[in-house]
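K.L.:
Sequence:
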Amino acid sequence: MTDAKARLHGRERVVDYTKAALVRRGVPERPLPIVLLAGPRGSGGSVLLDTLWAQCADDCLSVRLDLRSAQGVEDIVLAAVRGLGRRIAGIRAIDFPRTAMLLKALSFVDTGGGRTAFETYLRARAQDAQAQSSLNDWGSRAAVLLSPEQRGLLDVLTGLLGALHSAVGKHRDSKALRWLAERGDGGREYESLWELYRQHHAQDTPTGTPRVVARTLCAALLADLRSDFNDSWPRMQRPRNCLLLLDNAGGRTADLFLELLAECRRESAAAGERPDPAVVVAVQRGRVRPEADRLLDPTDERLEFGLRHPYAPGGDGHPVWWYPVALADLNGEQVLALCASSVLGRHNRDADFLYELAGGHPESTDRLAHLLARFGRTPPRDPHRPPAEAPEPFDPRQLLTGRLTTDHALPDHWPAPARADSTVEDYLLRRVLADHLTAGPNGRLAPEDNAPLNAMAVLAATPGLRRGACNAALQYLGWSGVDADSAQLRLTASMWLDETPEGDATRLHPLIALLLRRWLARTPDTWRAVHAGYATHYSSRADAPLRHHHTLAQVELARREPLTTVVGHLDEEYERSATAQDWLRVLDQVTAAPNRLSTPLDPRTFVTSLAGPAEARNRRRTITRLAVARWLHGDRSFDPAHQLAHTIADGYEHLAEITEDNELLYRQAGLFRRIENNWKD
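Per my numbering, residue 1360 is the first one in the sequence shown, and the count goes up by one each step.
Bear in mind the hints are in silico, worked out from the structure with no lab data behind them.
No false leads were mixed into what you were given.
Ranges between beta-carbon positions, derived for each pair: (1) T1797 to T1865: 20 to 30 Å; (2) Q1414 to A1901: 51 to 61 Å; (3) P1774 to T1470: 36 to 46 Å; (4) G1676 to E1632: 12 to 22 Å; (5) A1732 to R1384: 43 to 53 Å.
Derived pair list, reagent style DMTMM-like, types lysine to aspartate or glutamate, alpha-carbon separation capped at 25 Å: (6) K1534 to E1478; (7) K1378 to E1618; (8) K1378 to D1675; (9) K1378 to D1656; (10) K2039 to D2009; (11) K1534 to E1554; (12) K1378 to D1590; (13) K1378 to D1659; (14) K2039 to E1751; (15) K1534 to E1622; (16) K1378 to E1663; (17) K2039 to E2012; (18) K1378 to D1652; (19) K2039 to E1715; (20) K1534 to E1548; (21) K1534 to E1632; (22) K1534 to D1454; (23) K1534 to E1626; (24) K1378 to E1388.
For every residue, glycine included, the Cβ atom is placed at its ideal position computed from N, Cα and C.
Work out the full structure, taking the sequences as your base and the hints as a guide.
P.N.:
Next up, the structure:
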């Protein structure tokens, strides 16, 4: 269990909403919507569920499930029944007669007796039917869905069939059978159960359970909850609704379960039945269903129980079946609250650095903030050693390449690194891109084992993630079996990439852009070939800025020819442009190129080594230094302290001195001069 209270970071409204929904003031007037918490991996959904469980689990019937391993809806229903059925001091226990009858029927093992043996099995006492039931096997599958503290419910109860069915007497048997018959085609008392059993064992579906069987299971679960909560004597009315917390609810089986819950609620509402008491909070890491894809920000003041979801379809009187909430990124203030270091001189500077690296991604920001504080902690000076031998201060440029396991143990709630020599970058990759990564036999991450991830990195390497250009680059590389459409689909499905309704990419998450760029840079030859392929594709005059963007990406200390080409183009554009604004637009496009450079030198010294020293009134040298400084300054992992702001401001000023249309140039110089002054000690 994580220290959830300290790490909610703006999600408190979700907790307040759930607590308010649990308060029961008689039978609810309308069905409760399913709260969908949606975001990419590491966006804090599990932490939020931890908080809800810690604050609510002992006050109401409740269960927390991890649906990652659910093989069928029956696994989820069985785990939910056992979790909700746990004994809580001061709270009346609950039975599930309809669900128990249905689970008993579906778990029948036919050894050749057919329908006759099936009916005999259903009439038998629990202990006698045990030999013909597969329910205990289901129990082992369902156990892994429960939270660790609840798994004993299934481990201890070896006679699961008896545990589910022993409390169901003849009266409840007949009541459950009538309910099942009404949902089916009528017929004799076991007709519906026999038909459901046959369907359950007759086909193999992607979700593991035929839809009609899964739907009946969900309907039985909700009907049992309605019956217990709504039909109790007045003195036995429950003061709180029940709580279902569902983690990793984005898989096929889990998504079907949620869909069928909403479908059964719609059916019950249409039939005039009173609403069920289940407060369902589900975390999905990926794209949500179309009817729930308009996500409410967790800090929105309209996120309050009793208020209609502002994006819900229909009018005020229309039921709300889904309540989607975004697991949004942290803002600057929340990152500042996480930051506990001052490696860059001040606390707020470290927070600014972390925010730009991780883009506010909750888990990655938390990890990087902890590691920056740990790596940057200066040990006390040994009085017996001369000052010259004192350890060098930590260079924040080494944050991503640092070894994760050092002399200090990692926090208990962190998953252990896959390898002892894992870098911080590898650790982040494994956490946020786990669905797209393949580790080698020794656990090592290598480009040759990860063709889909390579294609995603190639797509992310060009501005706007243009799929046509990406396919051309992939063809230039000679790669087969991968394409831009599939790469974009993976990014979008994981909620790392925003799209227009037409499918055009609009924003790639900064953390993923950083990790994919660094992944591509692991193989220098591939990096150069990718950008050469893009430069070849962008051959038209109109695409000249993009062509030189990818040409600049190929610059290295040992390969300066691409820089000469880029500076020649910028110098020509300087002559050709009608206004300074036109030229600045080209400069921005070209210098937004990625780079794979690193240096232990002061960034300003490195610019001089690559672009030459400054020369007053030398336009070409000034453009060269300005272009290189702008290019490298755009990579925060290269220039964490904004040291290149001084070089950039000087470059704009030197150009302004030899240009008549210089107002915008002086304005740009002023902008970077302010950055320089803000970061001076």
